[in-house]
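*Asks:* Using the hints, position chain B against chain A.
Sequences listed follow chains A and B, in order.
Residue 204 in numbering that gives the first Met the number 0 sits at position 205 of the first sequence; the count goes up by one each step and never skips.
Residue 41 in numbering that gives the first Met the number 0 sits at position 42 of the second sequence; the count goes up by one each step and never skips.
No lab work stands behind these hints, which were simulated from the structure alone.
Note that the structure is predicted; figures quoted are calculated from it, not measured.
One or more hints might be untrue.
As the list claims (entries may be wrong) - Sample of chain A residues at the chain B side, in silico, Cβ under 7 Å: (1) Thr83; (2) Trp241; (3) Ala282; (4) Pro289; (5) Leu499; (6) Leu507.
Glycine included, C-beta positions come from ideal geometry on N, C-alpha and C.
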Amino acid sequence: MNSQPVQLWPLVVIAAVLASFILVGLINKSREGMEYGFRGRYIGRIGGGAAIASTWMSAASFLGIAGLLYLKGYLALAYVIGWTGGYVLLLVLLAGQLRRFGKHTAPDFVGDRYESSAARLISAVISIVISVIYCIAQFKGIGMLFAWLFAIDYTTGVTLGACAVVAYVAFSGMLGVSRNQQMQYFVLIVSFILPLMVLARKMGYFWVLPQFGYGEAMEELASDYGVKLAAPFASASLFQWWSLCFTLMVGTAGLPHVLSRFYVVPNIRDARWSLVWGLFFIALIYWSAPAYGVFMRLFELHAKSVPDPATARAIADMVVIDTAIKGGLPPWLIGVLAAGAISAAFFTVAGLLITGAASMSFDIYYRLLNRNATEERKMAIAKGSVVFLAAVVLMFALKPPGLIVEITAVAFALAGNTIFPAFVLGIWWGRANRQGAIAGMLTGFLITFAEPLFGGIVPVVAQIFPITSSAMFGAPLVIAVMIAVSLMTPPPSEEMRRFLAEEVHGHLD
Amino acid sequence: MERKDDIYTVNLFRPKKGYMRDEVVIILAILVGWVVVTFGFQLAIRLLCSSPQGCSLVTRFYFFNLPFHFWFTAQFLPLWFVILCLIFNVFVDRLTEHHSRRRDRTYE
Chain A
0 MNSQPVQLWP LVVIAAVLAS FILVGLINKS REGMEYGFRG RYIGRIGGGA
50 AIASTWMSAA SFLGIAGLLY LKGYLALAYV IGWTGGYVLL LVLLAGQLRR
100 FGKHTAPDFV GDRYESSAAR LISAVISIVI SVIYCIAQFK GIGMLFAWLF
150 AIDYTTGVTL GACAVVAYVA FSGMLGVSRN QQMQYFVLIV SFILPLMVLA
200 RKMGYFWVLP QFGYGEAMEE LASDYGVKLA APFASASLFQ WWSLCFTLMV
250 GTAGLPHVLS RFYVVPNIRD ARWSLVWGLF FIALIYWSAP AYGVFMRLFE
300 LHAKSVPDPA TARAIADMVV IDTAIKGGLP PWLIGVLAAG AISAAFFTVA
350 GLLITGAASM SFDIYYRLLN RNATEERKMA IAKGSVVFLA AVVLMFALKP
400 PGLIVEITAV AFALAGNTIF PAFVLGIWWG RANRQGAIAG MLTGFLITFA
450 EPLFGGIVPV VAQIFPITSS AMFGAPLVIA VMIAVSLMTP PPSEEMRRFL
500 AEEVHGHLD
Chain B
0 MERKDDIYTV NLFRPKKGYM RDEVVIILAI LVGWVVVTFG FQLAIRLLCS
50 SPQGCSLVTR FYFFNLPFHF WFTAQFLPLW FVILCLIFNV FVDRLTEHHS
100 RRRDRTYE
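Just chain B, same shape as in the assembly:
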């Protein structure tokens, strides 16, 4: 019973060797980039601001006509998500090709 459990273990944090492990590495890297930039930036504004009414360097500095933090959240972050998805797809495409070739199998 226990042995069979080992053969078919699927766990995000203990991926099995091969395609899954390579894929999980990319996934976790993208997720880190997603969490840090999205939630980290909001934390940074909060920490830099003495009052909630907009106050620090981040909010007084203008960029594309908009206060920097507003531009970053409203316009850069959606773009950043597109970039993250793009990077993910490029790497997964490569990974899939690499593993397909290794298996000597036509693509998908």
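Isolated chain A, as found in the complex:
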């Protein structure tokens, strides 16, 4: 990639897109201030859905899934299913009840429900770790994109990218830019699907709906070249597929930045319906993503330059962009695609760094260290935390431990092993108490990192709790631990049990 020149047109498009987000944010801010008051305007169910989808879309969705499909074929669908199916769990088990409970961050819920500042601290730390892991994956995507854009090596690219993200967060924070998430979603979906349509048209496939058109490309791969991307369990066993899929599903329901989206619409009914729209908008991207991986394989075979497995793994996360380049798309259109990828990664990082920093400043610094802290002091701590977290993320991202989707999956496994059980039992079992929650979350943390910690000593651990998919057995085990410990210790206060029974589950009785 380093032999390439600096990508001038893509850079111009990306700069224009990012600048327009800031500009529109500023215009909206002044308009909201005048017309709608400080609470912001009501965006409706579809708008709420677009907000959910744009919060969700990250480098993993935009770049990662196509890369994994290119490498491993059918296994990549475990991600597609995990990241859509998780919303069913979230909707039926948690969305309405959590809203009735009235707490929209994991530390707030865990701290209040289990009436314990220790449990609050643990869940705050876990949320921050989840954010950091998730950001490492985003930084890898940003780093590879920057390396390609400026024709520099990855290390310089990721460092430059990290500075750009922090600068973007600081700049929009300073100007008080309001985030227009409907516009974000619109930019993401158009920048992902338009290049795909042009590609499909150039290759002579059904281009109006490239989501179906890529089937012909798969057939060509299978019949002319014997590459069977659709072969079901070629690169992973049924158990590996299941456990990865299940892990991503339970992780979805426990991710820190998704939950707060239910609070952008005014009532529970609209929150539930906006989730359906959100899921549909997310599915639009996932229906299309495999096409990039399939086209890439075909281009390589047409050009008779198939990379060896190690090279393929190294380029997998850039497959979406490489496909557009190999397909001979005009530079401005490649720029549009890259702008979509950069925006997805930027906004995810911004969201995660800001919530992580807020958690450090409020849940850890204010609650634990200094109850007399002034607003300015808390604000200063939060700002410092953004830079600190970004530096930690950058340190890990310099030598990324895996593919974008693999790193992301670890964050999901951690959420599924800790926050998901604490939420589900907290809502659905009145007897769950603080000791149970603390024991459960600590067990979940250990289980998530069981493979690197104990896998070398006890090989069976690596098979039961693989690092990317440990929640298949992990989440049920943590739930069992929580139940056992809760039953051995005294029940939660009567006040909390009455609140659960009467407000959360009995609001209409």
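*Replies:* Showing chain B alone in chain A's frame:
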């Protein structure tokens, strides 16, 4: 002590009468539809396949240009999740209205 425990019991598998029981019935029905179709279908392909390289009726039969099992997982399942959420919301909306009316209370 024990009596108070009974009054405020919240348990997914022993829901109290009224709104919660009706809601739990819907939740469990949706979850069954979610587990069976998602994980059951993968099990079915595995059982029908003699070799992992794609082999049986399911994988040779084409649908919308794609091998049937690939189409089912990549395109139908996300749609199925949207449908499940839709059904859930319709039923919960009805349930909420029914219970609000019974209580003679305005909606939410």
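*Asks:* It remains to establish, for every hint, whether it holds in the given structure.
*Replies:* Here's how the hints hold up against the structure:
no.	hint	verdict
1	Thr83	holds (4 Å)
2	Trp241	holds (6 Å)
3	Ala282	holds (4 Å)
4	Pro289	holds (6 Å)
5	Leu499	holds (5 Å)
6	Leu507	holds (4 Å)
Of the numbered hints listed earlier, not one is contradicted by the structure.
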